[in-house]
Every structure is written in structure tokens, then in C-alpha cells.
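Chains as they are written, first to last, in the working numbering: chain A, 1 to 465; chain B, 1 to 478.
Take the hints with a grain of salt, since some may be wrong.
Computed from the model, here is a short list of chain B residues facing chain A with C-beta under 10 Å [as the list claims (entries may be wrong)]:
id	residue
1	R81
2	V97
3	P101
4	D127
5	L209
6	E266
7	Y342
8	F399
9	G455
10	R470
Source of the hints: derived by calculation from the structure; they are not laboratory data.
Remember, it's a predicted structure, so these values are computed and weren't measured experimentally.
Glycine included, C-beta positions come from ideal geometry on N, C-alpha and C.
The primary structure of each chain is shown beneath.
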Amino acid sequence: MTELELAGQVVELVRRLGGPGAQADVVVTRADLALTRFANSAIHQNVAESTVGVRLRLHIDGRTAAGSGSVVAADGLRALVERTLAAARLCPPDPGWPGLTAPTPVPAAPPVDEATAYAEPDQRADRVGAFVAAAGGLSTAGYCRTAHRSSAFANSAGHSAYGSSAEAAMDGIARSGGADGVARFAADRLSDLDGAELGAHAAAKAQAAADPVELPPGRYEVVFEPAAVADLLQNLSFYGFNGKRYAERQSFAEPGAAQFDRAVTLVDDPLGASGLPFDAEGTARGALTLIEAGTTRAVAHDRRTAADAGTQSTGHAVAGGATWGPMARNLRLSGATAGPASATGRSTTGAAAGAVVDADTAALVTGVRRGLLVSDLWYTRVLDPKSLVVTGLTRNGVWLIEDGVVVRAVRDLRFTESYPRALGPGAVLGLGARAVRQPDRVDGAWWSAPSVRLASWHFTGGASG
Amino acid sequence: MTEFDAATAAVQAALDAGARYADARVMHRRYESMTARNGDVEELTQDESIGIGVRALVGASWGFYAVPDLSDTAARDAGRRATRTAMASGRVPGPPVDLVPAEAVTASWASGCQIDPLGVPLSNKGDLLVDATRTMAEHGADLAEGLYQIWDTSKWFVSSEGHRIDQRIRECGGGISATSIGDGETQRRSWPSYRGQYGTTGWELVESLDLAAHAAQIAEESRALLTAPLCPSGETDLILGGEQLALQIHESVGHAIELDRILGWEAAFAGTSWLDLAQLGSLRYGSELMNITIDPTIPGALGSFGFDDEGSPAVKRDAVRDGRWVGVLAGRDSAAMASLDYGGSVRADGWARLPMVRMTNVGLEPGPHTLEEIIAATDDGVLMDLNRSWSIDDKRLNFQFGCEVGWEIKKGRRGRMLRNPTYTGIGPLFWRSMDMLSGETVSWGTPNCGKGQPGQIGHTGHPAAPARFRNVRVGVSA
């Protein structure tokens, strides 16, 4: 039975068991997820799963409940409907129920690469092998992942939709004398992942990160590589451009206000890569500009937050959204349309050679009189959601830049910084031209960004405290 | 076909396909959560998931495959695929893999439960959250939130060595939080902690928390915090409440003693550890007051079980004794690689996830003092409690934690409230500065411990009590 048939069957069961007044939306997803993980230059964990899940949300007699399950046999579906109906009837009234998505066109999703969707474990292992070999004897660790989702939506208002997606990602480090270098990339096609290229990048950066010195805490100008910028995008999305947090006045976002530097244009673009063309409520997904040339333009909405705000859903409903709010999870920070395209001189020297692996970053580095090049951020946690003050650490390589040249490796630093303030008017001194797609921890989400040069970043502690 | 039949078929198929060892876990988990906000139920979610995960070892390489289907055909196919995946792992092989011996037992185990949490009427559970959140809203909270979560997990484990174990573990818990929103920041107070307290118990745990009785106070405190003085910056004596100390243990001891991290298996993601196995038994981790145990046998604690997810029985062990590092959290393969003779700390987040080294109950043995004695003995310091943010480096050394609330301590007395309290330090230096420890121990439950790729959420327990640490850097801000 297809996903769409299963979803329709659940809608029909709700109608039969709950009566004509019961409103239901149903998502059925089959997923083939596989992840080949390596450490100490060997594959040590290699997993795959073939799963199916049904998620039902229903509203009856003014009350709402949600249920989900992995049993798609007839008795399993009936049990899901029965227990969700029973739960809804025992719930207090839900005056904020926004109603169901009416039948509306849903765009075609980008085509799925079949070779990625049905990749064999040998294919992932071979990419891992290439990464390991390219690291030239350095110890390596990371993963190669493939994911395929096939998903259908149906509701009792007569709306239905279908889509599928495939994604491949590789994320690895090379280790040299206690210093790590990282390479990370997500793509629609497994064939676009070049294990050898990624392994060589990680190794070059690891070797350049050797013998780090400790720097005193303080404010430094920084060049963030795409992996570090991805963390900024995630936190801006979850805490700032979330329609529920915005309604609760917990967000910094002020649509219409010039809150960011003019260089910043941020778009959620779920169909800019392989992805499902509808959200958890069946609303069509599409591009949403969150920041345009520094001015906040929008926050993400699902049907519930949109109804509260007197607007339309932007297609960002997720399971559990009543609690967590709508999420934008495919952010693209636009690169510079003009500006530094290539370095005019050397950007590294001596032992730090290899710290810069692309022309974009090299060009940004050449403009820095004294600052830090940061590859990656780690364990970032929010101290205050409204100002979006975040603490975290650098990871996988930090280097000191002097007079436009990376001169030496630096030990990891802790920072405490307000992300909107760090990207505020006048604070962005440069962007690379090429955005690099960074995988999320979960397939289907990604963060695409170029390298970014910021005027100031507040490092509040060194590696030794 | 029973669950044991499915697991047995999967293991046999894995062996037939070439595995030298295989095990299989059938898991059936029912989950329920409810959230409430400002006097209304916000979301009710129920989930039921059933499936089988098979692990196969071929040569020195592991493979794992999972499906939500317990038919004989599906189970056998999963076993074969696990072996095939292990063979693919062999294309980039590692060192030889051994498993420390584990007695092949046939056993059943169930956690204690007085009131079946899924049997409590939803209306009662909803009323509890609605009443508490309404009270918080009436007492000044801009955002009054309540939550409970319930997991009811049955699992059946079979290994090619002859294990045949079934367990039923019921877990639940909940809590409330009040947030007040100012012009430029928010302040939050929670009870008994943010997102609640959890255990391997029945609904009696949630009843014992008496959420409604604490609602008004935390709402008023969250409002008062908006205008409270900032936590001062500098070095001072720090007193941590038990809930925050539980998180401190989790992050700076629990993760650091995970053997997979020490061996580098998590290097690219969760990270490694500052600990070196060559120093096991000799390294001074903390002061002599520091006695940390790994104890999955604590009745009702969230990290308790009868057997871990590769069939090792629950056993209490020392991790730190009199301040010296003496033990690790291990699995059968990691232990063998480290020339240790015990596993016992391997668990999987559901049938579709690979079992891996996880914390069980990792906590402090009680100390000789009380919180009031500690305050009375402190001339100048800050008391902080209830975690608000946590961050620690990939070696589990450099940490910075934020708490919901601080109190000034002057001349042995608790003074005014302080807002935005944070503290930072280096794990072993911090633990060596602990000079007073209370005996008012609570086994705090952490139901959201993330680890692994694909991601897994672990449930861990942390016995902890208030303690004092000397000369700690506090008041870090942006």
C-alpha cells in the first residue's frame, strides 16, 4: 500500500469512528536511513533502518490530540485512531484550533536521486575509505550518511499531497597531535560527496592547527567558516524566526526593522535542495525571506501561530509544533554578489599553511589586521532567548590572523555573545561569494552559508579557564 | 510469533549469513506527553512504536539493521542485512573486536510502579497542568508552562551466546516553569527543575512533586528576577543546589568517564575525554569528598534497569572514590579493548538505534553537611540553582553553566536574589575545590541526554546534593 493510500485510510477511519465532525490530518512517512560511522580511521558503527511512521492529529468536539505509531497493519491503524480519539475527547477545549489546510496545489519537489535513495553500505564505506586514505595517515573520524524519505499527507478537508526526498552527507575530522581539522558537506546526490577531497581538507586543517598557543579572552575580529556560520543560522532560526516565540515576545525579531547588517540576506529555501514540498499540516513549502539586506522581513508560521498573528502559514509546521513552534530548517545565507572573490596575496604562512582551504575565506582573511579564523562552533547554548545571548566554544581549528595572514594556531576559546548583535548594522565586514551546504544532525535540515567576517566576537574564556 | 521468536529468528539469520556474534532487541514503547500553557492544554501527544534492531559482528566489524516488523520474514531479513552491513564495515577495518564475558542468562525484570502512569485518566493529568499553569499566570508569569512525559517500554533481548531477557521499564515525570519577559531579556523559574523531575516510577512521582503548591512562588520569583541585581563578576565561593550539581556531574563526570569517548569512538561528534586510561586508579579527579558511583540498581532513579541492552546485569561500581578516578562506563567491546573486565552501561534509544555506552545513574554519595550548614559556613559567596544553560568542551574540561537564580551569601546568611547567574571553570580544578557537601541527596533524572549519530536520547539519573566550591569564576556575560 502506498503512503498516500495509508494516509487516506487513516482519514477514512477517523471519519468512520469519529463521525463527520472529526477533523484529521495524517502524515505517513517511509524512511530508509543509513549512517556509516568511523573513528580511529576504521568503521566502528554502521547502521541502517527501514521504517514507517504514521502521525495523526485530530480535532473533535473542540478538542485536539495527536498520536503516532509504527504499526501500519489494519489493526494498528485502527488502534491509533481509537486511542487518539479517546485522548481528544478527554482533553480540555482547544480554542486556538486553526482548522485544516484546504485543498491547495503543492509544488513538485526537486527530483530524487535514486542512487542516493537506495545506496548500498559498500558505497558509503568506500567514501569513508577515501576520506581515511586522503588524510595521509592522520587519525580520522566522522560519518557518511544517506537518507530517503517518501511521505504523503491527507486530511479530512480533502487535501492531499505526496513527495519524496534524498540526501547524502559527510562530516569528518582528521587529527594531528591533539589538533583537529574538519570537512563537512551535504548534497542531494551521494555521487557529489568526494571522500578524498573532504579528507584532504580535514587533514590540511588538522596539520595547520598543530602546536596552538593560548590567547587571552576579549573581543576579536573573526572570520567564521561555513560550519561556524551554520550554528548562527540554527540559533537565529529556532529562537528568533520562530512564530511561536515571536508571539510570546521571546524573540528578538522585529519585522520591518533594520536589525542586521545590510550584507545579511537570509532565506529559508526548503525546495532549494531535495526536500518534501509540504509541511506537517500539508501547507505547501516555498522560499521565505527572513532578512533582506539587513531588514527583518518575516518569521516562520504554522497554521496556529499564523491564525494568532492574523496571517497565513508559511509552511513551517512540524510535529510537536504546538509546543516548540514552527521551524525554518533550510536556511541559506546569501553570499556576496560582489566583493572579495579571491585573495590578492598569501593568506597563510609557515606552520599555519593549510588553515585556509578555499579562495573565499582567503579573501576575507586578507582584510583582517588582527583577528581569528574560526572553523567550527561547539555546544552552543542560549543564556537568554530574547537577546539571543549564546555561550559555546570554538572547535576543529582556530588561528590567529595578523595583517591579513594566518600566522599560527590558537587553542580553543569560549565565547558569550549575542548573535543578533554580532550580525548587527555595521558588524559584518565581509561575506564569501560561495555558500556551502552544511548538514544538520537530522536529514532534511541544512544550513547553507559562505564564510563571514565579523567586526567583533566576545571570547570570554580560554582553554584553561 | 512471540517477540522472543522474532529476536531468535533475527539472530539465527545473522549467524547463517556469516556473523560470529549477533544479538537482537525487540522493543515496544508507548509514549505520552502533555504540555500546558497559561491555563490551557497546549499539546497532547501519544506514540506507540514496535520494532526489532539486530546487531551483527563479522570479523572486527559491526553492522546494525532495524525494521518495524516482527514477522519471521522481516526479522530474518533484518538479521541478514545486519550481517551484510557488518561486511561492508570490513572495507575500512579496525583492530580485532572482543567481548568481555557475560553470563548467558534467562531473566525477567520490571521497574517499580505504584500507579500506572498511562492508566491515570488524561483529564486528571490535564487538570494538574492546567491548574498549575493558571496559578503561575495569575501570579505574574507571562509564560506559564507545564509538562509531563511517560514512557512504558517492554523489551526482549536475545543473543547468539544464549541471552534471553525481557524487561518492562516505566518512566515518568514532569514539572512547571514560569517565564517573565522584560524589555530586553527573559527570566525563568521552574519547579522542581526546567522540564521536570523524572524516574523509573509510576505516576506517584508526579504527584509527589506537588506542582500546584509551588506555582505561585516561582511565578513571583521570575517576575522579581527581572529587576534583581545582576550576579557580580569575579571569583567567589560558589554553592550549588542539588539540581544544578546533578547537571554538573552529568556533563563534567558522566560524559568524561564514558569509555567510548576515552577510546576516541565519539571524536568527531560528542567528543573525546580529558581522561587517559593509563591514569585509571591513580588520577586525582576531585577533593576527598568526591565519591561518584555508577549505579543502575537505585530503585526509582531514571537510569535504573535490570540488564543493559547487551544483556549485562545491573551492577553498582565506583567511578571516583575519595577523589580518585577508578571506574568507567563501558560496554562489552569497549571494555575488552581497554583490557577491563566489565561492561554493563550500554543502551539503545529504541529498537531502531544501535546500543552504545550511556550513563546509567552516575551520582555523588552523600556528604556530611546540610545546605544550611554550608551557607552558615560561607562568609562571601553565591548560591545558584536550577540549570538554565549548559555548555562544555569536547574533552569535558572547560564548562560554563547558567542557572535560573542566584542568591547572595554574606556572612553566613542567604541575602537578595541575583539574576543571570553563571559560572565557569575546568572540570578537575573545579571538583578539587569542593570542600563541603550536603547529605540531602536527590536522584535527579535527565531525560534528554543526546549522543550518537544517528542521534539518540538517553535517560540518566544523577544522585546529587548541595555542595560548596571555592574560588570559582562567576558572572560571565556577553
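Right, here's what the structure says about each hint:
1. R81: holds, 7 Å
2. V97: Constraint on V97 of chain B satisfied, holds at 9 Å.
3. P101: P101 of chain B check fails; min Cβ-Cβ to chain A is 21 Å, beyond 10 Å.
4. D127: At about 8 Å, which falls below the 10 Å cut-off, the nearest Cβ of chain A leaves the hint on D127 of chain B intact, so it holds.
5. L209: With Cβ-Cβ at 20 Å, over 10 Å, it is violated.
6. E266: holds, 7 Å
7. Y342: violated, 20 Å
8. F399: holds, 9 Å
9. G455: For G455 of chain B, the interface hint holds, since the closest Cβ of chain A sits about 5 Å away, which is under 10 Å.
10. R470: violated, 14 Å
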